[in-house]
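Chemist: Sequence:
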Amino acid sequence: MNGPDKHIKFPLKDYHRLCFLKNIITNPNIIVGDYTYYDDFENVENFEKNVKYLFDFIGDKLIIGKFCMIASDVTFIMNGANHLTDAISTYPFAIFGNGWEGAMEGKTYPNKGNTVVGNDVWIGYGVTVMPGVKIGDGAIIASQSVLTKDVAPYSVVGGNPVQFIKKRFPNEQIDKLLQIRWWDWDIEKITQNVSHISNNDIELLQKVAEIK
Numbered sequence: 001m002n003g004p005d006k007h008i009k010f011p012l013k014d015y016h017r018l019c020f021l022k023n024i025i026t027n028p029n030i031i032v033g034d035y036t037y038y039d040d041f042e043n044v045e046n047f048e049k050n051v052k053y054l055f056d057f058i059g060d061k062l063i064i065g066k067f068c069m070i071a072s073d074v075t076f077i078m079n080g081a082n083h084l085t086d087a088i089s090t091y092p093f094a095i096f097g098n099g100w101e102g103a104m105e106g107k108t109y110p111n112k113g114n115t116v117v118g119n120d121v122w123i124g125y126g127v128t129v130m131p132g133v134k135i136g137d138g139a140i141i142a143s144q145s146v147l148t149k150d151v152a153p154y155s156v157v158g159g160n161p162v163q164f165i166k167k168r169f170p171n172e173q174i175d176k177l178l179q180i181r182w183w184d185w186d187i188e189k190i191t192q193n194v195s196h197i198s199n200n201d202i203e204l205l206q207k208v209a210e211i212k
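Take the sequence shown: its letter number 202 is residue 202 in the working numbering, and every next letter is one higher.
To be clear, the hints were calculated from the coordinates, so they are not data collected in a lab.
Careful, some of the hints might be misleading.
Claimed, not checked - In silico SDA-like links for lysine to any residue, alpha-carbon gap of 25 Å or less: (1) K61 with W100; (2) K207 with P161; (3) K149 with A81; (4) K166 with I211; (5) K13 with G124; (6) K167 with K107; (7) K13 with K61; (8) K13 with V194; (9) K112 with D86; (10) K107 with A87; (11) K22 with A87; (12) K167 with N200; (13) K49 with D39; (14) K112 with D201; (15) K134 with G106; (16) K149 with T90; (17) K149 with G59; (18) K52 with I25; (19) K49 with A81; (20) K134 with R168; (21) K134 with W122; (22) K49 with P161; (23) K6 with D186; (24) K22 with N2; (25) K112 with A87; (26) K61 with D40; (27) K52 with R17; (28) K52 with I24; (29) K167 with E188.
Remember, it's a predicted structure, so these values are computed and weren't measured experimentally.
Input sequences plus hints: build the corresponding full structure.
Modeler: Shown next, in the form of structure tokens:
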């Protein structure tokens, strides 16, 4: 056996509040990697409901890597929520028409690009991720945090607004992990080495990575 079927919605028998997220997504602007799971207290369909202001006409995407762990009530705020911030008023006059149509002529709403979650990222309960934030591989986001800025790989962050707490490993080891990229191995190799991936011997994992 080589782990659970990545194409199945609910990988835990008789438990339908944890899903492999890729298999329930219907919005083409939400892209999710294999084996990333979402665990919801009520219904896994809440995930897409919690991706807010993701409008086709804006064109931004939510991109989530492989083997991520996303807890209940995580919310992603996308660029469709943005208003003018350098104008006298932030009010969106133009959308109401009736003589206000020209309010946005020569102007554009702020757009911070795609929101990107790396691989092997753990996002705790009730986290809010603001538009355009990039979360690096291996990061941990504490419950109830509000992410207003990018998160470096293998960092632990938390708070509102989010603050750096610590690095999970020394810089040299983080560099090695980012080169190893175990999540990109074929599933047979991952299965053979899950005990090493679940350990903290990075030197050993590097040796395993070099075995073809």
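Chemist: Hints first: check each against the structure and report whether it holds.
Modeler: Hint check:
1. As the CA atoms of K61 and W100 are separated by approximately 29 Å, the hinted pair breaks the 25 Å bound.
2. Taken as a hint, the K207 and P161 pair is broken in the structure, with Cα atoms around 39 Å apart against an allowance of 25 Å.
3. Proximity of K149 to A81 is assessed by CA-CA distance (about 16 Å); at most 25 Å being required, the pair is judged to hold.
4. Proximity of K166 to I211 is assessed by CA-CA distance (about 32 Å); at most 25 Å being required, the pair is judged violated.
5. Note on K13 and G124: the hinted pairing holds, with a Cα-Cα distance of about 23 Å set against a maximum of 25 Å.
6. For the hint pairing K167 with K107, the CA-to-CA distance comes to about 41 Å; that exceeds 25 Å, so the pair is violated.
7. Distance hint between K13 and K61 is unfulfilled; the C-alpha atoms sit about 32 Å from each other, more than 25 Å.
8. Using a Cα cut-off of 25 Å, the hinted pair K13 and V194 holds, with the two alpha carbons roughly 21 Å apart.
9. Distance hint between K112 and D86 is fulfilled; the C-alpha atoms sit about 15 Å from each other, no more than 25 Å.
10. At most 25 Å may separate the alpha-carbon atoms for a hinted pair to count; K107 and A87 meet this at roughly 10 Å.
11. For the proposed pair K22 and A87, the alpha carbon gap of about 39 Å is over 25 Å, so the pair is violated.
12. For the hint linking K167 to N200, the alpha-carbon distance of about 14 Å falls within 25 Å, and the restraint holds.
13. A distance of roughly 14 Å separates the Cα atoms of K49 and D39; the hinted pair therefore holds under the 25 Å criterion.
14. The hinted pair formed by K112 and D201 fails the criterion: a straight-line CA distance of about 38 Å is larger than 25 Å.
15. Using a Cα cut-off of 25 Å, the hinted pair K134 and G106 is violated, with the two alpha carbons roughly 29 Å apart.
16. For the hint pairing K149 with T90, the CA-to-CA distance comes to about 22 Å; that is within 25 Å, so the pair holds.
17. Restraint check for K149 and G59: satisfied, since their Cα atoms lie roughly 21 Å apart, inside the 25 Å limit.
18. Our distance criterion of 25 Å between C-alpha atoms is met by K52 and I25, whose separation comes to about 14 Å.
19. Between the alpha carbons of K49 and A81 the distance comes to roughly 14 Å, so the proposed pair stays at or under 25 Å and holds.
20. For the suggested pair K134 and R168, the alpha carbons sit about 18 Å apart, so the restraint of at most 25 Å is met.
21. The suggested pairing of K134 with W122 holds, with an alpha-carbon distance near 14 Å, which does not exceed 25 Å.
22. With a CA separation close to 23 Å, the supplied pair K49 and P161 stays within the 25 Å bound.
23. A distance of roughly 12 Å separates the Cα atoms of K6 and D186; the hinted pair therefore holds under the 25 Å criterion.
24. With a C-alpha separation of about 19 Å, the suggested pair K22 and N2 falls inside the 25 Å cut-off, and the hint holds.
25. A distance of roughly 18 Å separates the Cα atoms of K112 and A87; the hinted pair therefore holds under the 25 Å criterion.
26. Between the alpha carbons of K61 and D40 the distance comes to roughly 22 Å, so the proposed pair stays at or under 25 Å and holds.
27. With a C-alpha separation of about 21 Å, the suggested pairing of K52 with R17 holds against the 25 Å cut-off.
28. The straight-line distance between the Cα atoms of K52 and I24 is roughly 17 Å, inside the 25 Å bound, and the hint therefore holds.
29. Only pairs whose Cα atoms come within 25 Å are accepted, and K167 paired with E188 is rejected, the gap being roughly 30 Å.
Of the numbered hints stated above, those contradicted by the structure are hints 1, 2, 4, 6, 7, 11, 14, 15 and 29, listed in ascending order.
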